[in-house]
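> Sequence:
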Amino acid sequence: MVQLQEIVDEHFQEGQVGPEEDDADYTDTDSEISEESEYDPTDETLGERLYALRDIVPPQTRGFIQNTITTTGNAVKSVLSFGGKSLWVISSSALLLGIPWALAWAEEQQVLEMEKEMKMREMGGDLLTAGGGQDGSSTAQQIGAALGQETKAAL
Numbered sequence: 001m002v003q004l005q006e007i008v009d010e011h012f013q014e015g016q017v018g019p020e021e022d023d024a025d026y027t028d029t030d031s032e033i034s035e036e037s038e039y040d041p042t043d044e045t046l047g048e049r050l051y052a053l054r055d056i057v058p059p060q061t062r063g064f065i066q067n068t069i070t071t072t073g074n075a076v077k078s079v080l081s082f083g084g085k086s087l088w089v090i091s092s093s094a095l096l097l098g099i100p101w102a103l104a105w106a107e108e109q110q111v112l113e114m115e116k117e118m119k120m121r122e123m124g125g126d127l128l129t130a131g132g133g134q135d136g137s138s139t140a141q142q143i144g145a146a147l148g149q150e151t152k153a154a155l
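Numbering of the sequence shown is given in UniProt numbering, commencing with residue 1 and proceeding in unit increments.
For the record, the hints were derived by calculation from the structure and aren't laboratory data. Accuracy of the hints is not assured; some may be wrong.
Between beta-carbon pairs, the in silico distance windows are [stated by the list, open to error]: (1) 73 / 42: 31 to 37 Å; (2) 10 / 56: 50 to 56 Å; (3) 45 / 100: 55 to 61 Å; (4) 72 / 46: 31 to 37 Å.
The beta carbon of each residue, even a glycine, is placed where N, CA and C say it ideally should be.
Produce the entire structure from the sequences given, and follow the hints as far as they go.
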């Protein structure tokens, strides 16, 4: 039968090199913390407080929240980017197409007004040279007839 015998190593029987066992260095840290604390909560920012609360939320929930925020941020960024590009296309198209069209339309209106004014001058000249009306009609009736309008005398 096998018998076991314990052999003590000399290294473990010698004392350790260093200071003697002295309990004078030991102090009660609980009483020091409760009496002399340098912690001032007014110096803490909201961000630091929220960052300190991160350990309360489980890692899976933190991951879900982070993924949700990232996805939402990317979606908002994409929408704003698309909106900005669309606004650029619409505004530049309006400037390149709308302004020349508006200028041409205003010029056309000006030409129409000039033609109308010329027609009025011709009719006025004809009325002045024709005299008091050879067929017995008044000047207002002659101007209305030239313009294609019917005039009625005011009562």
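> Each of the hints needs a verdict: does it hold here or not?
Hints, one by one, checked against the model:
no. : hint                 : in the structure
1   : 73 / 42: 31 to 37 Å  : holds, 32 Å
2   : 10 / 56: 50 to 56 Å  : holds, 53 Å
3   : 45 / 100: 55 to 61 Å : holds, 57 Å
4   : 72 / 46: 31 to 37 Å  : violated, 21 Å
In the structure shown, a violation is registered for the earlier hint numbered 4 alone.
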